[in-house]
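Engineer: Line by line, the protein sequences are chains A and B.
Reading the first sequence from the start, the letters are residues 100 to 828 in the numbering used here.
Reading the second sequence from the start, the letters are residues 100 to 828 in the numbering used here.
Misleading hints may appear alongside valid ones.
One copy or two, it doesn't matter: identical chains are merged, so the pair holds either way.
[To be verified] Taking lysine-lysine pairs in the DSSO-like style, the calculated list, with each CA pair at most 30 Å apart, reads:
id, residue 1, residue 2
1, 579, 590
2, 270, 549
3, 590, 618
4, 579, 351
5, 590, 648
6, 270, 648
7, 590, 348
8, 351, 590
9, 274, 590
10, 348, 579
11, 274, 549
12, 274, 348
13, 590, 511
14, 351, 618
15, 511, 579
16, 618, 648
In case anyone wonders, no lab produced these hints; they're calculated from the structure.
What follows is the residue order along each chain.
2 protein chains.
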Amino acid sequence: MSHSNKIEIVAADQNAVNGGTSSDRQNGENRNIELAAVYVSDAQYNRNICFSTSPQGIRLYKFYIHSCMRIIILFFIFVDLALAIFEEPAIFPFPLWLTLLDMIIYGILTEMHLYCVRWSRVLRPLLLVNITESRQLRRAFRSIRNALPHVLYVFFLFMFSVLMFSLMALKLFGKRGLVTSEGRAYFTDYLDIVFDLYVLVTTANSPDVMMPAYNYGIMFSVFFIIYIVINTYIFMSVFLAVVYNNYKKHLKEEVRQLVRAKRRNMVQAFRLLQEPRGDEPVVMRETWNRLVHAVQPGISAVHRELLWNVSDEHNRGYIGRPAFIQLADLLNIQVITLKSRIHPLQIYLPGIYNSAASRCTRCVVQHRFFVYVYDLIILVNAVFIGLDEENPFISYSEWVFLGLYLLEILLKLYAFEPRAFYARHQFWNWFDTIIIICALIATILNSALKSSSNYNSREILDIVFILRVLRLIRVVDSIKRFRAIINTLIKIGPTILTFGQLIIVIYYIFAMVGMELFKGTIQFFENGALKPGHEFCGNPLLNGSAFAKNNYCRNNFNNVISSFILLFELTVVNQWHVLASGFTTVTSNAARIYFVVFHIVVVIIIINIFVAFVLEAFFVEYNVSTSGLQTSLEKKIKELELGIDQDQLEGNLIENLETNDNDLGPSGEHKGKPSVMFTIASKRYRTIEALLQRMFEADLSPEDDADDEDHDNSLSPELSFPNPAFNTT
Amino acid sequence: MSHSNKIEIVAADQNAVNGGTSSDRQNGENRNIELAAVYVSDAQYNRNICFSTSPQGIRLYKFYIHSCMRIIILFFIFVDLALAIFEEPAIFPFPLWLTLLDMIIYGILTEMHLYCVRWSRVLRPLLLVNITESRQLRRAFRSIRNALPHVLYVFFLFMFSVLMFSLMALKLFGKRGLVTSEGRAYFTDYLDIVFDLYVLVTTANSPDVMMPAYNYGIMFSVFFIIYIVINTYIFMSVFLAVVYNNYKKHLKEEVRQLVRAKRRNMVQAFRLLQEPRGDEPVVMRETWNRLVHAVQPGISAVHRELLWNVSDEHNRGYIGRPAFIQLADLLNIQVITLKSRIHPLQIYLPGIYNSAASRCTRCVVQHRFFVYVYDLIILVNAVFIGLDEENPFISYSEWVFLGLYLLEILLKLYAFEPRAFYARHQFWNWFDTIIIICALIATILNSALKSSSNYNSREILDIVFILRVLRLIRVVDSIKRFRAIINTLIKIGPTILTFGQLIIVIYYIFAMVGMELFKGTIQFFENGALKPGHEFCGNPLLNGSAFAKNNYCRNNFNNVISSFILLFELTVVNQWHVLASGFTTVTSNAARIYFVVFHIVVVIIIINIFVAFVLEAFFVEYNVSTSGLQTSLEKKIKELELGIDQDQLEGNLIENLETNDNDLGPSGEHKGKPSVMFTIASKRYRTIEALLQRMFEADLSPEDDADDEDHDNSLSPELSFPNPAFNTT
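Bound conformation, chain A alone (with noise of 0.2 Å):
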């Protein structure tokens, strides 16, 4: 069906070719030209969501895909997440008549004899999960799923490990009659050993634990240091090892099926658009410049005649299916389009910006030795910083500091172009303006506070703090190294982000669960000094309890947010036995089951594919192996002298400007060549997948890539989705 579908376009497109010029055939073009547009965006980012090709259907796929649904689809998700602070236990409890109306519909779902317990909140994050947009998110999960087997194995053999030496610290310290430094029985109950040395794996009750057998007898230490090195050493860095290479290699497939579904998608657009010349169908140079306008309608005319120069080589007006296909990643490559433009005051005042005294200042505020000053003046402010700021000289010297920094600024808008200084890679540009804005207008409003009453607000005042010593980060951007790593780190910032998804998602989980089972058990009084009670959290069975004399009462789970925090205080596990046994002296031993599942699935698997994926990205960062294609549009660009010093960008001493002069003029003119440069922001990736593409790149066998005609055959049901309303036209 497609294959028939196919010819009938590639006649229609014949017949525009020999001078035929009915509205209906135009109609069908564009039409085509939408499809295959679609198709390549959907190659572009990766989407894999089957759809109807009638216009109609072509119409509502877009409208769907439109960044406005998603920021819908994301608004109503937090809303539904965010139920839980309104919801009992809550931060903000609901006014009576909303709570009535729900105790109503929950009786009368009761009455009816519907099954409704509440378990509905646990399952909440999965809507999160399920959109489309999650595609990371899913993927992470689906890697986690199949990872777990064999993590389970080596679960099972540690599990076995410290139940053995479990039975051992039995049989050796059991019928000594120890004591712990809290005066309670040592080891003489086998699961409460259990317990102990499974905290111990974490190293929370190191050195603890041991004292007394330490004390009882030094080589009673060796039986501590081999289950050190044994479990924590070895059985984590095992953990580590196996989650890893599960992952890497699930991970792996998945890329390899992403880049398949992307040359699927591209073959698709190919077959719409294509044209017979000589022996293989070919794309003409006119309908490709028309289908790059509508995937990506901002693109820049020289930004597309660039890619047309790496897609047709030999300069031949037209380009085959290989060349056709590498769209979808020739687009991913983001190209950074710079325009040498005039600063403002010498069009506006070329007497005064021209004059000596103003190249004067422009030359020294370009010098290497501006930026020492400025960076002496940085340490400086570290150490007034440090004083007491109740000394009146201190805070006027903080006006002083202010002054120097906005002059900074002023300076550098005087010297360099506005729009040049302020374009979006200029990172560190950004942050010091909006940074010393931020702190003028606080400091500004917290002195006219000050003065016009006696009210000091504190808040107004720790965000001035805050922001003064945010400030001093800038120097790091003059020392090179520190700048190549805080780049490798922004680089790899999204990848975090799905980590950071991944663990709301389960926390919302866990504090779900933690509310249900704990809420209430534990209480904190605010100014508790003054409430009976507060010494034991309210609740008498802590009375003397670890847990209440290091003042833990706050971590509880009497609301999500206090639940969020208890669960981040468990995920660095530091103490969790201290935290866990405060909530089993409260309900029962049975509530250490939460804490060590909780301890399972955060720790020993989520942090370590955390540290897993860090390491790989940290890797690919590392051994820079720049991509084919990205070599080949970076030798186009020097070939044309269109290129531009990376350095000389970095150091942002030049002029210049991202433009997104959106001109579909005739093609081939390089009019402005000398003012028009191009420079690839080689590192940065415009989504996910294309940074996971890379990591995998040295590892995906050729024929993923050479995938040929045979395998069109093998479409998946949803890409030869039959097209009636086409078919028609």
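Got chain A sorted already, so can you dock chain B onto it with the hints?
Structural biologist: Leaving out everything else, chain B in the frame of chain A:
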């Protein structure tokens, strides 16, 4: 020089072939073989020492590399390191006269104005690093040194981040008048804050350090969460990534050099033995046989034959240079020669052994069911161990279990050939037998002591308990997946031991410094409750401190063993700030430097390298990619139908034996063909270098292997060592 030398030798060989039989020539030939054998042995074990090639020199060199010498050197190093046990602060103080002698020497040296501060103790472990046998250790140190600059940049950035956060903490919390749970002022001194936040990176004081701020206002927890995410999770992952990446890079370079040196040695050996044939020099089979015998006197004739068959693929009777060079690697592949033997009982008591009852017994023992029954017995035994052993019923059951285990071993010895059962690779059989025999002896000894006198030795009972539990470990062997994991761990064992050495060197240095700084400041009293001052570790400064409250008095630097245990606790990290604060209280705040430096060196660098190495070794084991050399050997074994199923071997269900028959008989006779079988212990590495080489196999460029004639001119000086004595022969 080396060239002329070669020609001379070749001529001598030529004469020998042509029927020259003078004892002089014979002698020269023997010497050539001897020297070549040394080169091959150097290549095999990756030694790279320059030695004189005179007959005397060779003899001395062979003596030097002999294992006896190694043992002697290791013994003296051990004695040297063990001095720490007797030196002040000592476990066993020296007798007075020795101390006096020491003082007199010291006094004389001082009188003679010789510079003699006694810092040599700290440098003592460097001796261990500098002997020939610790190549791996030196390699590890070199790789660390090379990775250091990169790690330092990340470390500076990390410290900058800690300093900035500390400044922010000072401004945010310093003026609020908060107190910690111990009643001290919270976050008022900058240096204290830096230390507290450094400790927070190690998570050792989480969540305690956060609680005062968190109790004051819930939003302040955000400060700590951001801090932990950035500094603990991200920076520590980056540390691992940077250490991993750089360590691996440098190690790869080292391995490349190793491969080159090995090749050079083999080329040297080839030159000594080559004879011209056609275009290229070759080595004849006869010479090769003598060489292999000289290199590895214990090799069996069949094994040697197998190696020749692999080298001489076309059965020409001689091999060229490339095939000859393989020899070092071929010798490193562990081939297990198996011979089926007849059970001794069958020889001496054939009637009984072949009777129906006997056959049935053997059948039962070899059945899977037999294994299951004993797994069940082990599980029941585990429950019994857990129960109270003072119950007479339980106490008697121990004898039953001992009897059952003994019966199992005897039955297995009856069913399987004893020498095959105790073959070198049958780890679990050895393990079982040793454990059972020890348990039997200890149990008998224990009950003898118990009944004869009223004295009940706790030490022997402890050993009995440990052996009883160890017996249970055997159950792991029955589960295939567990066996695989354990085998992997055993395989990477030697590498882990290298790190053990590395850690001992570092511990020793820190222990010596720690003993100088802190000896005697903290006291531990055995049975302390009776002595005054026990509640503050004999130091009034510690009265009421967390150190004393936690019963940490035994964690001190008063002798070398305590120091090592304390350093291990510091490596585990948890509560290290409490330990450190104990020592800062009794000395000065500057003592913190010692503990922070220890943390940086051991935890951030050494442990990360350890994790990196375990990961890398695990990946190699997981993603099995047998090297080409092994595959060709395996192919040959299969071709000759001498192979044996690895599973069969592991299941120890065949009657096999490892032999070392040393017959240098005529070649080409497969007289014992059906009774001699081979298997490759394909994943066991004779040397750590072999593991390393395998780890980086995929990354080593082929030119390292295809290193050709051209390179021979650039031989390193030590290899073109002048050889006057040899020239005169």
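Engineer: If a hint holds in the structure, say so; if it does not, say that too.
Structural biologist: The hints, checked one at a time:
1. 579 <-> 590: Within. Shortest intra-copy distance 16 Å satisfies the 30 Å Cα cut-off; inter-copy 43 Å does not.
2. 270 <-> 549: Cα proximity of residue 270 and residue 549: across copies only (18 Å, versus 69 Å in one copy).
3. 590 <-> 618: This pair counts as neither: shortest intra-copy Cα distance 41 Å, inter-copy 50 Å.
4. 579 <-> 351: between (34 Å within a copy, 27 Å between copies)
5. 590 <-> 648: Close neither inside one copy (44 Å) nor across copies (47 Å); limit 30 Å.
6. 270 <-> 648: Close across copies (28 Å), not inside one copy (32 Å); limit 30 Å.
7. 590 <-> 348: both (23 Å within a copy, 23 Å between copies)
8. 351 <-> 590: Result: close both inside a copy and across copies, 20 Å intra and 27 Å inter.
9. 274 <-> 590: neither (58 Å within a copy, 38 Å between copies)
10. 348 <-> 579: between (35 Å within a copy, 22 Å between copies)
11. 274 <-> 549: So residue 274 and residue 549 pass the 30 Å test across copies only (17 Å; inside, 68 Å).
12. 274 <-> 348: Neither way: residue 274 and residue 348 sit 49 Å apart in one copy and 53 Å across, limit 30 Å.
13. 590 <-> 511: within (27 Å within a copy, 61 Å between copies)
14. 351 <-> 618: neither (43 Å within a copy, 55 Å between copies)
15. 511 <-> 579: Answer is within; shortest intra-copy Cα gap is 20 Å, inter-copy 69 Å.
16. 618 <-> 648: within (21 Å within a copy, 33 Å between copies)
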